[in-house]
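Asker: Given the sequences, and given the hints that come with them, work out the whole structure.
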Amino acid sequence: MPHIIPLDQAQIDDPELHALMARAEELGVPDGVFTGIVARVPSYAKVLLKALLVSHGQGNVDHKLKEVIRIQLARFAGDTYFSALRSKRALAAGLDEATIDEGCNSYEQGTRFSAAEKVALRYADMMYLDANQVDKAFYDEMKQHYTEAQIMELGGFIAFHYGMQVFMRTLNAAPATALATAPAAMMPAGVSPTLKPH
Amino acid sequence: MATDWQQVDAAFYDQLRQYYDEEEIVELGTFIGFNIGYHTFFGTLKFYPMFSPDGRLVSQEESARLYGAAPVSLGGRKVA
Numbered sequence: 001m002p003h004i005i006p007l008d009q010a011q012i013d014d015p016e017l018h019a020l021m022a023r024a025e026e027l028g029v030p031d032g033v034f035t036g037i038v039a040r041v042p043s044y045a046k047v048l049l050k051a052l053l054v055s056h057g058q059g060n061v062d063h064k065l066k067e068v069i070r071i072q073l074a075r076f077a078g079d080t081y082f083s084a085l086r087s088k089r090a091l092a093a094g095l096d097e098a099t100i101d102e103g104c105n106s107y108e109q110g111t112r113f114s115a116a117e118k119v120a121l122r123y124a125d126m127m128y129l130d131a132n133q134v135d136k137a138f139y140d141e142m143k144q145h146y147t148e149a150q151i152m153e154l155g156g157f158i159a160f161h162y163g164m165q166v167f168m169r170t171l172n173a174a175p176a177t178a179l180a181t182a183p184a185a186m187m188p189a190g191v192s193p194t195l196k197p198h
Numbered sequence: 001m002a003t004d005w006q007q008v009d010a011a012f013y014d015q016l017r018q019y020y021d022e023e024e025i026v027e028l029g030t031f032i033g034f035n036i037g038y039h040t041f042f043g044t045l046k047f048y049p050m051f052s053p054d055g056r057l058v059s060q061e062e063s064a065r066l067y068g069a070a071p072v073s074l075g076g077r078k079v080a
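Quick note, the sequences are listed as chains X and G, same order. Going by this note's numbering, the first residue of the first sequence is number 1, and it counts up by one from there. Going by this note's numbering, the first residue of the second sequence is number 1, and it counts up by one from there.
Because the hints were derived from the structure by calculation, they are not lab data. Among these hints, one or two may not hold up.
[To be verified] Straight-line distance between alpha carbons at most 25 Å, and here's what the computed DMTMM-like set of lysine to aspartate or glutamate pairs gives:
id : chain 1 : residue 1 : chain 2 : residue 2
1  : X       : K46       : G       : E24
2  : X       : K46       : G       : E22
3  : X       : K50       : G       : E22
4  : X       : K143      : X       : E153
5  : X       : K88       : X       : E153
6  : X       : K143      : X       : D14
7  : X       : K50       : G       : E24
8  : G       : K46       : X       : D140
9  : X       : K46       : X       : E153
10 : X       : K50       : G       : D9
11 : X       : K46       : X       : D14
12 : X       : K118      : X       : D96
13 : G       : K46       : X       : D14
14 : X       : K50       : G       : D54
15 : G       : K46       : X       : D130
16 : X       : K46       : X       : E25
Just so we're clear, the structure is a prediction, and the values are computed from it rather than from any experiment.
Answerer: Here's what the structure looks like:
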């Protein structure tokens, strides 16, 4: 049971919030647990859901790559809730669990990601493992693959989703619908034994 | 939440409820999460306040000298 009990749909009477919740349900991220929790503060819930949906589903960076980054961050944070969710749109576009696992655990050595995708995965990886490594040289490397707008899109997406994950990891929350792959998917992975994310 | 989140458990939430209602706890949690996420990202971008503590418009170089080149958050904090 989450430490904060999610509100039921019937307890929410804001039509704009209902519409945003429907959009989230359609994407699959977040599901009704997160939306029901943040719906306790409707004014916050609306801007949080808009920001989650826009940063994840819109922009000029591939949605499948963002989905891998989102799961990488959630596992890294130790957030079992967001780790277990999957974007239906990304799955429909061909994203599979093997690619997600490689993106979380061995993207540098693997063959599933391009050089541009690897630097984006490293951006997320290093942001909360050792932000000092995300320096001018790193941004120069990113600029070889991405425009400034895309870098801001990625940075904002990473920061915002990680921020919500560090909140959700404290709540003992589980997804509304268990995934077939949940046991493996919910295992935080990829964290260095010597360095801890914050 | 940032430095030792596993201490934010059921007992901690019970303690919070002595002072805050559920709405306020969600408000605090999302606000803190947002700030943890964004301040680390902003720290990597090396930008500094536009104004000095006494209200002067200053260059980014001067602002960096005034406010410090390495935000404390990048070095991590320890729980007391």
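Asker: Now tell me if each hint is right for this structure.
Answerer: Verification of the supplied hints:
1. X:K46 x G:E24: holds (16 Å)
2. X:K46 x G:E22: Roughly 17 Å separates the two Cα atoms, so the pair holds.
3. X:K50 x G:E22: holds (22 Å)
4. X:K143 x X:E153: holds (13 Å)
5. X:K88 x X:E153: holds (21 Å)
6. X:K143 x X:D14: violated (42 Å)
7. X:K50 x G:E24: OK: K50 of chain X and E24 of chain G at ~20 Å, within 25 Å.
8. G:K46 x X:D140: This hinted pair holds, its Cα atoms lying about 14 Å apart.
9. X:K46 x X:E153: holds (20 Å)
10. X:K50 x G:D9: violated (28 Å)
11. X:K46 x X:D14: Distance of about 9 Å is within 25 Å: holds.
12. X:K118 x X:D96: Holds, at about 17 Å.
13. G:K46 x X:D14: violated (40 Å)
14. X:K50 x G:D54: violated (37 Å)
15. G:K46 x X:D130: Cα-Cα ~15 Å, so holds.
16. X:K46 x X:E25: Holds - the C-alpha atoms of E25 of chain X and K46 of chain X are around 14 Å apart, at most 25 Å.
Consistency with the previously given hints fails for numbers 6, 10, 13 and 14, ordered from lowest to highest.
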